[in-house]
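Asks: Protein chains in written order, with the working numbering: chain A, 1 to 134; chain B, 1 to 134.
It should be emphasised that the hints constitute simulated quantities derived from the structure, not laboratory data.
Check before you lean on any hint, since a few could be wrong.
You can't tell identical chains apart in this list, so a pair holds if it fits in one copy or across any two.
Okay, derived cross-link-like pairs now, DSS-like style, lysine-lysine, Cα gap no bigger than 25 angstroms in a straight line [stated by the list, open to error]:
no.	residue 1	residue 2
1	K81	K63
2	K110	K63
3	K115	K63
4	K2	K63
5	K110	K37
6	K63	K88
7	K88	K110
8	K88	K2
9	K2	K37
2 protein chains.
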Amino acid sequence: MKLLLNRIEAPYVFQLENENGVQCLLDASPEIGGLNKGLRPMEMLAGSLAACAAIDVLRILEKQRFDAEQFSVYIVAEREKGDSSPFKWIELQFSCDRCVDRARLERNIKLTLEKYCSVAASLNTNIEIRYSVL
Amino acid sequence: MKLLLNRIEAPYVFQLENENGVQCLLDASPEIGGLNKGLRPMEMLAGSLAACAAIDVLRILEKQRFDAEQFSVYIVAEREKGDSSPFKWIELQFSCDRCVDRARLERNIKLTLEKYCSVAASLNTNIEIRYSVL
Chain A
1 MKLLLNRIEA PYVFQLENEN GVQCLLDASP EIGGLNKGLR PMEMLAGSLA ACAAIDVLRI
61 LEKQRFDAEQ FSVYIVAERE KGDSSPFKWI ELQFSCDRCV DRARLERNIK LTLEKYCSVA
121 ASLNTNIEIR YSVL
Chain B
1 MKLLLNRIEA PYVFQLENEN GVQCLLDASP EIGGLNKGLR PMEMLAGSLA ACAAIDVLRI
61 LEKQRFDAEQ FSVYIVAERE KGDSSPFKWI ELQFSCDRCV DRARLERNIK LTLEKYCSVA
121 ASLNTNIEIR YSVL
């Protein structure tokens, strides 16, 4: 995997680009001078966990021949306090209309987070990953 | 921290939005049906590490009264193979014009990754984080 992160505006507006030319913007928090022109790195990290899990859950649902209409994940997270402030916990609240019964969706999410999700497997084991179905 | 991840197009195009309404798109890899409309979750994860480190390095440079003109980070990463494929290692290659001498920049990067970077502190300790100055 190769990516380029380039500062495009002072103080902290960055453009991230992958090998296919797909781009997104990142920015720092307003408290330290961010301009709200992109997501913050820790928001991007939490979002990447949710998206990785969502993709894997959708793939399992497809194999089970369930078609998800609306599919969303609300993300709530809390950080530690200190010089660095890693996540203490991240909660993923899944919402899925008409796609599958709640118990099956919960089993699929559990399987995904424990076995298939590469972002979850890349996170520090001190971070508690919670999930629920809305 | 609160975020919403919403699927906006089948099969796997997601929009991530933070509390300030800032948005970005995520998508799956083309191999499993992704449409190249957004960065992939694992790309987002590697990018969030680079951006977090870059912001902290720039803040240290500012305190040292160095003004960075061009500031970029090339990201190279390798993943494990298996059911999930977390990162094996991530290398951050910093490029900075006219801002500071190479030795000082390397010291700042080392300090950032070991002490200040919240994304680095959120990653699994099995992932080797390398850095260099171009």
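Asks: The structure should be examined with respect to each hint, and the outcome stated for every one.
Replies: Right, here's what the structure says about each hint:
no. : hint       : verdict
1   : K81 x K63  : between (42 angstroms within a copy, 22 angstroms between copies)
2   : K110 x K63 : within (16 angstroms within a copy, 45 angstroms between copies)
3   : K115 x K63 : within (16 angstroms within a copy, 44 angstroms between copies)
4   : K2 x K63   : neither (31 angstroms within a copy, 31 angstroms between copies)
5   : K110 x K37 : neither (34 angstroms within a copy, 27 angstroms between copies)
6   : K63 x K88  : neither (33 angstroms within a copy, 29 angstroms between copies)
7   : K88 x K110 : both (19 angstroms within a copy, 24 angstroms between copies)
8   : K88 x K2   : between (29 angstroms within a copy, 14 angstroms between copies)
9   : K2 x K37   : both (23 angstroms within a copy, 17 angstroms between copies)
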